[in-house]
Amino acid sequence: MGILDFLKRKPEATAGVAKERLRIIVAQERSTRGGPDYLPLLRNELLEVIRKYVNVDVEAVNVSLERDSGHEVLELSVALPDGKVVGKPAASAS
Amino acid sequence: MTEIIVVTSGKGGVGKTTTSASLATGLAMQGKKVAVIDFDVGLRNLDLIMGCERRVVYDFVNVVHGEATLKQSLIKDKRHENLFVLAASQTRDKDALTQEGVEKVLDELAKENFDFVVCDSPAGIEKGAHLAMYFADHAVVVVNPEVSSVRDSDRILGLLSSKTRRAEKGEAPIKQHLLLTRYNPNRVEAGEMLSVKDVEEILGISVVGVIPESENVLAASNAGVPVILDDNSNAGAAYKDTVARILGEERPLRFLEPVKKGFLKRVFGG
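Protein chains in written order, with full-length UniProt numbering: chain A, 1 to 94; chain B, 1 to 270.
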């Protein structure tokens with residue numbers, strides 16, 4: 001560390017942040033890869049319908065497709081905001 | 001047998017063309033008969049990096065459309081007589097390339113006893129990128145130690161294992177090689193840049209080479225001489241190691257340690 005380095009602004013050590021963000025997003029994208037293309041669309045339409053009744057966040061609707069031996073399970077979960085119980089908080093269909 | 005290598009990345013500007021030029025030249029230096037094809041229709045650039053831009057008469061699209069023969073269109077490298085360049089067309093028509101057309105050209109190269117065909121992919125995941133990877137036996141995925149590049153390369157790794165001929169026919173999967181370029185060990189040590197290990201962990205695949213960030217890469221492209229031919233640069237030496245590893249040789253990674261600054265630089269910065 002030189003004397004004049006104090007005058008220069010040093011970039012922050014941000015590699016750790018980058019690694020953590022990538023770890024999460026890569027894992028998320030891998031989990032949806034190979035699934036049917038309609039899932040994101042389905043999720044968005046559901047979100048629109050739900051928003052007609054309850055003001056939920058984009059993150060509140062989770063759609064996932066799981067393959068079990070021989071059959072597929074489409075699971076929808078909707079997290080409603082606190083204090084407003086309208087309909088079922090979670091539903092699942094197969 | 002002709003082996004087809006695609007150089008791809010998803011993100012643009014990470015060093016695909018630089019890598020294609022050095023990889024093809026490195027394979028030719030090992031005595032292999034090599035063709036390197038620019039798949040970036042509309043944005044021809046490989047010819048500049050290879051230094052043959054003024055000798056392009058016919059291009060890839062001309063061959064695909066039967067307007068020229070393959071022999072007429074292959075540009076012989078000035079430095080290696082067993083190295084040939086097939087330039088991209090400058091046409092703006094993105095549909096100029098077809099799967100059948102590309103297959104026909106690759107089959108013809110196989111008949112001419114080429115050992116390797118290096119396919120320089122355009123950026124993105126559109127048709128050109130898809131065609132560049134579709135017939136490949138090996139893939140070199142070029143990645144920078146930077147968030148958007150790493151994420152895009154993961155996407156590309158996914159496409160390589162699902163949207164290629166080998167995947168569709170259920171054959172042995174494409175051999176995937178991760179090449180980390182523009183690596184700066186000093187910034188890694190300071191915690192400012194993802195390390196080799198970070199990138200390997202995130203993507204779950206080990207690197208085939210690490211090319212240090214180097215001023216010589218720009219100098220090489222300025223001159224139209226692939227950087228692998230620059231004997232004084234670390235980048236060139238790292239590319240030579242990478243070529244050897246792709247050919248099956250085991251070589252330790254080099255140039256991963258920070259370069260220590262001299263006394264004056266430590267005092268005055270720089």
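Please keep in mind that the hints were generated in silico from the structure rather than gathered at the bench.
The model shown is predicted, which means the values in this text are computed figures rather than measured ones.
Treat the hints with care, as some may be off.
[As the list claims (entries may be wrong)] Just a sample of chain B residues kept apart from chain A, beta carbon distances all over 12 angstroms, derived: (1) Met1; (2) Glu146; (3) Arg151; (4) Asp154; (5) Ser162; (6) Arg187; (7) Ala190; (8) Ser195; (9) Glu201; (10) Gly204; (11) Ala219; (12) Ala223; (13) Gly248; (14) Glu257.
[Claimed, not checked] Below are the DSSO-like pairs computed for lysine-lysine, each with C-alpha atoms no more than 30 angstroms apart in a straight line: (15) A:Lys19 - B:Lys11; (16) B:Lys261 - B:Lys71; (17) B:Lys104 - B:Lys127; (18) B:Lys163 - B:Lys104; (19) B:Lys76 - B:Lys127; (20) B:Lys111 - B:Lys11; (21) B:Lys127 - B:Lys175; (22) B:Lys11 - B:Lys169; (23) A:Lys19 - B:Lys76; (24) B:Lys78 - B:Lys104; (25) B:Lys197 - B:Lys71; (26) B:Lys261 - B:Lys33; (27) A:Lys19 - B:Lys169; (28) B:Lys169 - B:Lys197; (29) A:Lys19 - B:Lys260; (30) A:Lys19 - B:Lys261; (31) B:Lys240 - B:Lys71; (32) B:Lys175 - A:Lys19.
For glycine and all other residues, C-beta sits at the position ideal for the given N, C-alpha and C.
*In ascending order, which of the hints set out earlier in this document are inconsistent with the structure?*
2, 3, 4, 5, 6, 7, 8, 9, 10, 16, 20, 23, 25, 26, 27, 28
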